[in-house]
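The chain contents come next:
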Amino acid sequence: MVTAATLMETRSPAPNLRPTMPAAATGQPAGTAAPAAEVLIDIDHLDFFYGASQALYDVSLRLDTRKVTAFIGPSGCGKSTLLRCLNRMNDLIDGTRVAKGSIKIRGVDINRPDVDVIELRKRVGMVFQKSNPFPKSIYENITYGLRLQGATTKARLDEVVEKSLRGAALWEEVKDRLHTSGLGLSGGQQQRLCIARAIAVEPEIILMDEPCSALDPLATAKVEELIHELKTKFTIIIVTHNMQQAARCSDKTAFFYIGRLIEYADTQQIFMNPSNPQTEAYVSGRFG
Amino acid sequence: MSTTTDPVPPFPPHIKRFFDAELESFRSHLILMGETAASQVRSAVKALVEGNTSLADQVIAADDEIDQLEVKIDEEAMRYMNLRAPIATELRLVIVGMKASHDLERVGDEATSIAKRAVRLSAEPPLKPYVDIPRMAAIALEMLRDALDCFLNGDTEKALAVCRRDAEVDQINKQLYRELTSFMIEKPGTISRAIELMFISKSLERIADHATNIAEEMIYLAKGKDVRHSDELKKNGGAG
Amino acid sequence: MAALVNPHIFQTRPSAARRWERACFGLFGAATYLVLFCGAAVFLTIVAKGSRTIFKAEAPFINTTFFTDAPESLYVFEWQGKKLEMGDREHRAFIEQHPDAAKVKTESYIYAAGGIFPCIVGTVLLVVGSMTIALVLGVCAAVYLNEYARDGAFIRFVRLAILNLAGVPSIVFGLFGFGMFVIFFGWNVSLLSGWFTLAFMVLPVIITASEESLKAVPKGFREGSLALGATKWQTIRKNVLPYALPGILTSSILGIARVAGETAPIMFTAAYVVRDKLPWQVEKFSDFFFQGVMALPYHIYVVSSKIPQNEYTERVQYGTALVFLLIVAVIATASILLRNNLRNRYKW
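Chains as they are written, first to last, in the numbering used here: chain A, 1 to 288; chain P, 1001 to 1240; chain S, 2001 to 2348.
Misleading hints may appear alongside valid ones.
Claimed, not checked - Quick list of the computed label-pair ranges, beta carbon to beta carbon: (1) S:2038 to A:241: 52 to 58 angstroms; (2) P:1225 to S:2345: 40 to 46 angstroms; (3) S:2067 to A:152: 55 to 61 angstroms; (4) S:2276 to A:152: 53 to 59 angstroms; (5) S:2128 to A:152: 45 to 51 angstroms; (6) A:153 to S:2061: 55 to 61 angstroms; (7) A:152 to S:2156: 41 to 47 angstroms; (8) S:2158 to A:275: 54 to 60 angstroms; (9) P:1006 to S:2341: 39 to 45 angstroms; (10) A:150 to S:2157: 36 to 42 angstroms; (11) A:74 to P:1006: 56 to 62 angstroms.
Hints listed in this document are in silico derivations from the structure and should not be mistaken for laboratory results.
For every residue, glycine included, the Cβ atom is placed at its ideal position computed from N, Cα and C.
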């Protein structure tokens, strides 16, 4: 007869489970135990216009250092516009202007007249919706930004290429064909190449404009993993139409609707218990 | 060379996702909860058999730990379902985990109830030597262990066996009932002790029920097939 | 409906739409083959008649003198019962040997002997020079219009002006070049005047086509480059122009054919009816640019309209026309190879 006293001793898996607990517990929600985050980007009452039509209305938002922030909202809600304000890519479009408010990065208003937009864009990298590797070799793609800055020694370039490709989890896949065209890669690899190209110039902030919208789920998963790894070094802002992606990747989520910031909170709160009914309708796919 | 024998090209290796750790944590918490609950039951029965009130008090105090684990597991499950959008096995794991944690919490409550009764019984001499109760406890704990084993290694055969053993415990419970009833009729002085023992027996029977539930849930987790109230179980239901 | 025994749901039935479709496609096909026929007729005539001039029956099968000599007069006379045809120099040597021959009745035909080497050289020089100028100016203008200039009323007006320029008759360019370069700049009838006149003539084509090629470069390349901290010029030079170049070259191939073939713009600005010296036979380097040259199309024009026509001049006309076609083909092929090479390097 088995006695109660001997029962537990026969359980073999038990002893080696307990020690794993602390390690497993690190998978806890990010931010709950983290120290108060440093504000890197401070958007203050921003109004933005495309010609006569207003695209952003009084948007105020503070983004933390080394966090992933997701911008979500229906098409035309201004999330991409705001993203492109952060590295002043909107300058390329005629008739755009910041009518009111400011965007400060590390306390500096980036729309001041004495701000060099070239310097700004070196610090604020961007990854686009449609992967756009240049029709050059993988190596040249990565070194493009560095060469602009005058780096030419082969040793330095080699080092950065390897580092960036490793950083973008692409090194193992392409190390044997660095000098073949970047356009020969698959869609997901191309997008990671673009990320590698962006991190090669060592920006502080990486803007991602729907980086996975053209990728299959597997490639998307890889990019998401990459985002998760990159946030230890970079501050990442991602615009996405994919609710699950925002939920999976981001620490904080901002919901926009027709140019207005409706709700900005921890991602868990936005998806678990949003305070605004519009946000809830949108994240649960019952908008309008 | 016929084309029909061409092998399917191998799938690429799985991608490790950063939130896999969260699922791992969830599993670990569930296992920890199972172990704690089992250990509570074992200690409670031990306290009863040995008349060890301090051990019983420990059991009562430790119930909080299980309650906290249940809260934690629910929280993790909610978070995982909310942010990670699990599907298929992952979804079953999260849902089964929530249900099993509820069962385990109930097991913990029954253990506490046994411990409380053990404290009361320790004040008086034992009604009779404790044979059937440790036997029931041993079976119930074994069932619990097997159910949790199924969670660890997906051994559904063992889990099916758990479901079938439930009847065995029910049998002992009924037998003890009759026995204790005759005690009460013969010696009214034993009524209060007999009632306590009846409740303890009932608790153990319930623990076995919870173990059965967990086993059924684990079968659902492993196979995606709901075996509750199915013929498969009733076929050999009486065997024990 | 007797024909349709057990018709299924997708049964073919005659319909008006189907008849129309057949009629239209028939018309389109006919138009295509008509154009093809006309082109082939012109081309084959030139090849058939020109081949008699540039090929010979005996080895080395090619009439090398036609390619390497300057034009000469042809002398035709009877000598000891045989009809002889001789070029100018040959005829003189013959007379020295046989003084009697001077007394024989001799017919002379201007330009009907010798070759067209100076014309070939002249045309090649004109094409290379004017295309270089046109490409540099055209690409610069296209880059400005497409990349830098803000799209406003003025720029739209400039574009319209450029398009209209493409429709201006080439003789007008010739007169413009004559007034501007030959007289006002005092460059006289010279290579330089011809280059610029021809360049201005093809500029509208080059600018328009270059703009199209620049537009065809995906916006993503520009944005990607700018987002990495490149200036606009760095972006254009490293990440736009290289990709637009194949398209620009494609358009310039059309320009080559036009520049090489035009007579009107060079007749006042660069072309000589006849010139003994070859372009590199100059005293000092700068003279090279300020000398007139002979050119194939102008030579054809002169031979076919300025001198009495006869069976001998016809040989020169068709021979020259065929050589002209061949030269255009060679230059165009070279451009196409260059373009394909670039296109393979920068494919997207």
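Evaluated hints:
1. S:2038 to A:241: 52 to 58 angstroms: 56 angstroms, holds
2. P:1225 to S:2345: 40 to 46 angstroms: This hint is violated: roughly 60 angstroms between Cβ atoms.
3. S:2067 to A:152: 55 to 61 angstroms: 49 angstroms, violated
4. S:2276 to A:152: 53 to 59 angstroms: Distance hint for residue 2276 (chain S), residue 152 (chain A) holds at roughly 54 angstroms.
5. S:2128 to A:152: 45 to 51 angstroms: 35 angstroms Cβ-Cβ, so the 45 to 51 angstroms window is violated.
6. A:153 to S:2061: 55 to 61 angstroms: Check passed, 59 angstroms falls within 55 to 61 angstroms.
7. A:152 to S:2156: 41 to 47 angstroms: Given range 41 to 47 angstroms: holds, Cβ gap about 42 angstroms.
8. S:2158 to A:275: 54 to 60 angstroms: 55 angstroms, holds
9. P:1006 to S:2341: 39 to 45 angstroms: At 41 angstroms between Cβs, range holds.
10. A:150 to S:2157: 36 to 42 angstroms: The hint (36 to 42 angstroms, Cβ to Cβ) holds, given that residue 150 (chain A) and residue 2157 (chain S) are roughly 41 angstroms apart.
11. A:74 to P:1006: 56 to 62 angstroms: Roughly 47 angstroms apart at Cβ, these two residues miss the hinted range, so it is violated.
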